[in-house]
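2 protein chains.
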Amino acid sequence: VDLGWGHPHRSLVPTGAWADAVAATLHGPDAWRSMTYGYPSGPAPLIEWLAEHLSHADSGRSESAQFFITAGASHGLALALAVLTAPGDVVLVDAPTYHLAFSTISDSGCQIAPTPTDDDGPDVEAIADFVQVCRRQGRRVAALYLVPTFGNPTGRSLPDRRRRQLVGLAQRLDFTIVEDDTYRELVYDGPVPASLWSHSDGLGVVRLGSFSKTVAPGLRLGWINAAAGVVKRLERLGYVDSGGGVNHTNACVMAAFGTSGAYRQHLARIRPSYARQRDALVDTLRVRLPTVATPRPSGGWFVWIPLPAGCSARALLPTAEQHGVSYVDGSKFHADGMRGDDHIRLAFSLYAEQDLVTAANRLADAVEAAVG
Amino acid sequence: VDLGWGHPHRSLVPTGAWADAVAATLHGPDAWRSMTYGYPSGPAPLIEWLAEHLSHADSGRSESAQFFITAGASHGLALALAVLTAPGDVVLVDAPTYHLAFSTISDSGCQIAPTPTDDDGPDVEAIADFVQVCRRQGRRVAALYLVPTFGNPTGRSLPDRRRRQLVGLAQRLDFTIVEDDTYRELVYDGPVPASLWSHSDGLGVVRLGSFSKTVAPGLRLGWINAAAGVVKRLERLGYVDSGGGVNHTNACVMAAFGTSGAYRQHLARIRPSYARQRDALVDTLRVRLPTVATPRPSGGWFVWIPLPAGCSARALLPTAEQHGVSYVDGSKFHADGMRGDDHIRLAFSLYAEQDLVTAANRLADAVEAAVG
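Quick note, the sequences are listed as chains A and B, same order. Position in the first sequence (from 1) plus 29 gives the number in my numbering. Position in the second sequence (from 1) plus 29 gives the number in my numbering.
Hints should not be assumed to be uniformly reliable.
Just the calculated beta-carbon pair ranges, DEER-fashion [unchecked claim]: (1) Gly-45/B to Arg-305/A: 52 to 60 Å; (2) Glu-81/A to Gly-353/B: 47 to 55 Å; (3) Ala-157/B to Asp-31/A: 51 to 59 Å; (4) Gly-45/B to Glu-92/A: 45 to 53 Å; (5) Lys-261/A to Ala-344/B: 28 to 36 Å; (6) Ala-94/A to Gln-351/B: 45 to 53 Å; (7) Arg-298/B to Gly-57/A: 16 to 24 Å; (8) Glu-77/A to Arg-201/B: 48 to 56 Å; (9) Ala-80/A to Gly-45/B: 49 to 57 Å; (10) Ala-344/B to Gly-197/A: 31 to 39 Å.
Anything over 12 Å on all C-beta distances counts as not near chain B; from chain A, calculated [claimed, not checked]: (11) His-36; (12) Ala-52; (13) Trp-61; (14) Ser-93; (15) Ala-102; (16) Leu-108; (17) Tyr-127; (18) Arg-249; (19) Gly-273; (20) Ser-289; (21) Val-316; (22) Pro-319; (23) Pro-337; (24) Leu-379; (25) Glu-382.
Everything labelled a hint here was simulated from the structure, so no lab data went into it. Only a predicted model underlies this, so the values are computations on that prediction, with no experimental measurement involved. Just so you know, even glycine gets a beta-carbon here, dropped at the ideal spot from N, CA and C.
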């Protein structure tokens, strides 16, 4: 059982409901409009539904001109970097954070620097100092990337006060927070913090959304919230303009999937399933490894496990795999690779409850064997 | 009637056949596989069908490892530039050529230089000289972009001999020809020249293909032929890796659309329609403007009209629009914007024959009014 994969459980991929939405979209005399060139920023029906939907799923309401439809959150990150940064700029990344963001940032020609952090997340004062030091060296800090809500890999959310402080800092020091908000709607218990975007008045924050986790990864469909001026710059990118948007047909189908209520029904179906998967994993680990402080994240797909003292995530991996379970070692989520070997990331999204119980038992066996 | 739009005629967008392919793909116990994460280079069934199909539509057969599925030809250009060039490199572009390629190249941080040309297209000796001059200046010529087959905007194809010469030059001087092969399958009369890619043995050429014109633009689906090593570098791009390919679900549906025979049937339906549209436009113009050498392209979507002496494409446009017809002026297709004002590009793809006859008559009226 490979708990490294952040993929959806097969039974939670809405093949039938999506096929219905395709059939509805590609039916009738205007169906051709969904298959020809679209607008660079995406089809209006999807943007209008999204603006309305997010006014419930988050605080506040974004203007239509503040939306850009992407081919997923990682593509959104690549697009945002294309218009917000120049080669050689510094991009701060949360520590730990989503590891595949690092290569996307490197591809843009920017330098990656891990943020200083404290127990609550990125450390505002230390970031301010770092930005000033960079300036004195002639380097520009262009952006800060983080996954502040049910984050990958930690499952944790940034406290509300820290959100406001970071937004204020970005506005004051003229860098852009790239808020990866992929997991907002995968909430299982309690309220979801308002986004950094919602605190920003459209200044200093670009938010990345995705339908990869809430609908299906293969669709390559997501969205950006950004100031209208940033959206205009995205629209003028050569291949966006040439292609008539980056994923027009799927975006039109998503509009139907959203407005028909299928999206809401789908969310209502997957949330309790993922919560049960989380609980199967967490409950078993808590019983089997009582000295390990296994967290129970309120949302997202991941559990971030602190290993017992002296237990290395990298060193444990072969033992775990001999026991029939795998994971991603924590150092992968640190841009410098120097920290995080005291944690492992487990994804509970891909497997059924019984498999997760099995995996948790195998992992506990491996930890016991390693710690001795 | 706006002959500026290179869009498909609404009746030639296969909404029903595509919906059928979606239904077939998203049916059955393995349907979830088409909606979860895919492989970075694209789904094997599509690549296998494509390799087989192209072995008939072109000369030779590419290996599976030489394919990468893209979100359209312009996206393919952006991807190719990302792995083949560095900011500051020089990218040569054919003159004239597809105008939206210019912004995609600029977005990559490269400098654009129009190729020296003769009557047959890019001038091999002059390019060789230019590359050497750049080298002496410390500048690297990384790539040459062109649309050699039923090209946009000219509708013309590069002679076979020139294809071989250019491939030899690229291999000798270590730059990459980016061959935009979007129009190969939209052939109406006679044979189609073998691609530059097929002459290259996988060295010095990257070919961009697209299903935008042959199936539908909104799908954002195309492909790259490149050396296996280039494909590997594309696979490692951050957002490609993170997303599990750039358009997995549509790529899986395209595999079904191809293997079922729907693609071949669709091509057989659209070719004679586009040929009739071409003929309606060309025949009317030849009758109405007998002194203008209106070409009849053997394929593609465009007619490149040489205006009568003294008639400026830019100056004619307001007059044409007063007469109820529009076009793209020829200077748009030259990177330097200095040439081409003696030509206009007309797209015959979007309109029915009768509308094209009307448009041609309006254009002739405008030319007559302008020339006096």
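Hints and how they fare:
Between Gly-45/B and Arg-305/A the beta carbon distance is about 40 Å. The supplied range of 52 to 60 Å is therefore violated. One distance hint, 47 to 55 Å for the beta-carbon pair Glu-81/A and Gly-353/B, is violated here, with the actual separation near 39 Å. Look at Ala-157/B against Asp-31/A: about 53 Å separates their beta carbons, and that is inside 51 to 59 Å. A C-beta distance of roughly 36 Å is found between Gly-45/B and Glu-92/A, which places it outside the suggested range of 45 to 53 Å.
Distance hint for Lys-261/A and Ala-344/B: a CB-CB separation of about 30 Å, consistent with the stated range 28 to 36 Å. Between Ala-94/A and Gln-351/B the beta carbons are some 33 Å apart, a value that contradicts the proposed interval 45 to 53 Å. Between Arg-298/B and Gly-57/A, the C-beta spacing of about 20 Å keeps the proposed range 16 to 24 Å intact. Distance hint check for Glu-77/A and Arg-201/B: the Cβ-Cβ separation is about 55 Å, which falls inside the suggested range of 48 to 56 Å.
Range check, Ala-80/A to Gly-45/B: Cβ separation about 32 Å, and the 49 to 57 Å hint is violated. About 54 Å separates the C-beta atoms of Ala-344/B and Gly-197/A, a value inconsistent with the hinted range of 31 to 39 Å. Consistency note on His-36/A: stated as away from chain B, yet its beta-carbon is not over 12 Å from all of that chain's, at 6 Å minimum. Chain B draws Ala-52/A into its interface by the beta-carbon criterion, the shortest separation being 6 Å against a cut-off of 12 Å.
Not every Cβ of chain B is farther than 12 Å from the Cβ of Trp-61/A; the closest lies at roughly 4 Å, contradicting the non-interface assignment. Every CB of chain B lies more than 12 Å from the CB of Ser-93/A, the least distance being 20 Å, so the non-interface label holds. With 12 Å as the threshold on Cβ separation, the claim that Ala-102/A sits away from chain B is violated: the shortest Cβ distance comes to roughly 8 Å. At the 12 Å boundary, the C-beta of Leu-108/A falls inside the reach of chain B, the nearest C-beta of that chain being 9 Å off.
A beta-carbon of chain B is positioned within 12 Å of the beta-carbon of Tyr-127/A; the least distance is around 8 Å. Once the 12 Å rule is applied to beta carbons, Arg-249/A is inconsistent with being away from chain B; the minimum gap is 5 Å. A beta-carbon of chain B is positioned within 12 Å of the beta-carbon of Gly-273/A; the least distance is around 6 Å. No beta-carbon of chain B is positioned within 12 Å of the beta-carbon of Ser-289/A; the least distance is around 16 Å.
Consistency note on Val-316/A: stated as away from chain B, and its beta-carbon is indeed over 12 Å from all of that chain's, at 31 Å minimum. Remark: the non-interface label on Pro-319/A is consistent with the geometry, its nearest Cβ contact in chain B lying 35 Å away (cut-off 12 Å). Once the 12 Å rule is applied to beta carbons, Pro-337/A is consistent with being away from chain B; the minimum gap is 31 Å. In this structure Leu-379/A is not separated from chain B by more than 12 Å, as the shortest Cβ-Cβ distance comes to only about 9 Å.
Once the 12 Å rule is applied to beta carbons, Glu-382/A is consistent with being away from chain B; the minimum gap is 18 Å.
Hints 1, 2, 4, 6, 9, 10, 11, 12, 13, 15, 16, 17, 18, 19, 24 from the earlier list are contradicted by this structure; the remaining hints agree with it.
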